[in-house]
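J.: Spelled out, the chains give:
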Amino acid sequence: MQIWDPTYECMPREDIEQLQLERLQATLNRVYKTVTCYRKKFDEAGINPEDVQSLSDLAKLPFTTKEDLRLNYPYGMFAVPLREVVRIHSSSGTTGKPTVVGYTKNDLKTWANLVARFMTAAGVTHDDVVQIAFGYGLFTGAFGLHYGAEAIGASVIPMSSGNTEKQIMIMQDYKTTALVCTPSYAITMASRMEQMGVDPKGLSLRVGLFGAEPWSEAMRREIENRLCIKATDNYGLSEIIGPGVAGECEYRCGMHLFEDAFIAEIIDPETCEVLPPGSVGELVLTTLTKEAFPMIRYRTRDITSLDYSPCDCGRTIVRMKKTMGRTDDMLIIRGVNVFPSQIEEVLFDIEGCEPHYQLVVGSEGSMDVLEVHIEVTENIFFDEMKRQRAFLEHVERRINSVLGVSVTVKLVEPYSITRHEGKANRVIDNRKR
Amino acid sequence: MLRIKNINTYYGQVHALKNVSLHLHAGEIVTLIGANGAGKTTVLNSLSAITPPKSGEILFEGSTIKNLSADRIVDLGISQVPEGRQIFKPLSVEDNLELGAYLRFRKREGRASIRKDIEHVFHLFPRLSERRRQIAGTLSGGEQQMLAIGRALMAKPKILLLDEPSMGLAPLVVKDIFKVVSKLRSEQGTTILLVEQNAKAALAIADRGYVLETGKVILEEKASELLENKEVQRAYLGKDKKEIWER
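These protein sequence lines map, in sequence, to chains A and B.
Using my numbering, read the first sequence as starting at 2 and increasing by one per residue.
Using my numbering, read the second sequence as starting at 64 and increasing by one per residue.
Worth flagging that the hints you see were computed from the coordinates, not collected in a lab.
Hints may contain errors.
[To be verified] Which residues of chain B face chain A? A partial, calculated answer using Cβ under 10 Å:
1. L131
2. Y273
3. E276
4. E294
[Stated by the list, open to error] Just so you have them, the derived chain B footprint on chain A, three or more residues with Cβ under 8 Å:
5. 102-108
6. 189-202
[What the hints assert, rightly or not] List time: in silico DMTMM-like cross-link candidates among lysine to aspartate or glutamate, alpha-carbon distance up to 25 Å:
7. K34(A) x D52(A)
8. K81(B) x D44(A)
9. K81(B) x D369(A)
10. K129(B) x D52(A)
11. K221(B) x D16(A)
12. K263(B) x D134(B)
Quick reminder that beta carbons are idealized off the backbone N, C-alpha and C, glycines included.
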């Protein structure tokens, strides 16, 4: 397997940290001078860029949130004048004003290289035909992957999203070998192929690069089985750069996060404290190479954990776990952070298929109580009460060991959990706050 | 090979370097660019202990050199070519080169190997060879610069600190000197930290660069990317001078 940029992907830990410190200090000196919002925030926090003398000093700096971007809409967070910006992207803005991000010429080059890194890690080479089924437009996904694939020298088909039948026709006729889209769209394509009677084994498709939304291991297995490809995950967000923050290698044991360009921290989303390596919490990112739109300690609201142990692929940079959801989904049960996706994984492992479940939180006195309701299906229904009870205890034990919180598992009637646009409403919180 | 963390250097009350961190890998050419007074030379002088930093860390090949004296640092393998050459003008070219090997004489290294290195310098700079017995003060500016570099090489440095080698020289001569600088790296593997006003020429031969502004590092990037950076172009490459943007 290839490594696109071994200098930066396989550095000894010491060198990574030296480079990060240098670039962090330079970035802070720049943003303090050119971005009013940062200068104000630093001054309010009583901190000067010169106070940052080690990577751990990063924790002294204030966070940047989506709210800051909204307050400075549209160009307030840019660190260069607009005449140096050669590209503008924007987030969807489904909740309020969209956020606007800009790129200089160098930023676009950096971005393409970062994308080329994870595409190479996923196994894409200059021999591949890459079909990009992300929507082209303000969204960073399509353009990010497009220029990354071109940097590698692959043949790019800029399909954009939608028109599934045409996508499938082109995939057959143009002999697409690599598919880029959201994981849910990959499933849509697989279903349409089945309806159309297209056998995925007859396609040239061999690898999929899926991102832009969180997806479970269960979904990965489903995509791999139905499309007969290797499905890889990658991570990014437009506020930071777009795709190209992290991506999986052939071992698929976490996404390699490009540490020469970003510093990753994990914080407790409630207390905002920085957590030790390996802890599950909210990912906070600081950009180190961005010229037009540097971000200092941006709260991504994505939940993950970091693994600093070296990977068999030879890359030495930190790996982030598949995102487990958003901080907005997080429940706090007796002081422990619980994510619905953690429970989902346990249930999947036990049952072998995606269950319909609901988490019901209540309180007994001052204690939080978490109940997991699972809809009965054939493979988890037993005639014997003894076996049924043993099964429930087994599930409870497994969830307990993963979460560190005891739960009660109950079976409920099929279809008794209300569906909401095909998705079950996962959490009901009956606690009085 | 060289790792600097958070050095602060003062000239009396003047805080000349503020938390400067930088590194050099073996065999790299790294350039420091920035306006007058940005602190470029101070970085070199801090490394060579001419103006030792007040705080911070300097690690050379894994061990600290921050509190060592200037001659110890030369002995370890860091030689500086000072701004304005500073050659010994009344002495001959050869004597200047021999003095560059002073520490090696003192360590009773054989004359033969020193002789060999003088010939090597003459091989690098054939012009000096032609003028080996000439009084150094009578050399042209470019030749004096070659001599200053040659003298530094006589200490067999692992890292060469070059301060403004192009200063006051004709463009063609500058070209020659930069060619030799590149050659030192490619043929001898010498690591080079280059301070230059002529940012364009420096970035053309360097692998990476740091941009300094009022004693602080504001950018670290590949040299090719710094050449593309609009702010660098405007401030140090003389492009787009008129429309300076202010917030």
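J.: Each of the hints needs a verdict: does it hold here or not?
T.: Quick rundown of the hints versus the structure:
1. L131: This hint is violated: L131(B) lies away from chain A, its Cβ roughly 21 Å from the closest one there, beyond 10 Å.
2. Y273: Hint holds; Y273(B) Cβ to chain A Cβ min 8 Å, cut 10 Å.
3. E276: With a closest approach of 8 Å, the E276(B) hint holds.
4. E294: With Cβ-Cβ at 7 Å, under 10 Å, it holds.
5. 102-108: The restraint on the stretch 102-108 of chain A holds, since 3 of its residues have a Cβ under 8 Å from chain B and three suffice.
6. 189-202: violated (count 0)
7. K34(A) x D52(A): Between K34(A) and D52(A) the Cα gap is close to 15 Å, so the pair holds against 25 Å.
8. K81(B) x D44(A): Distance ~18 Å between K81(B) and D44(A) Cα, so the pair holds.
9. K81(B) x D369(A): 52 Å, violated
10. K129(B) x D52(A): Holds, because 21 Å separates the two Cα atoms, which is no more than 25 Å.
11. K221(B) x D16(A): 19 Å, holds
12. K263(B) x D134(B): With Cα atoms ~33 Å apart, K263(B) and D134(B) exceed 25 Å; violated.
Consistency note: the structure conflicts with the earlier hints numbered 1, 6, 9 and 12.
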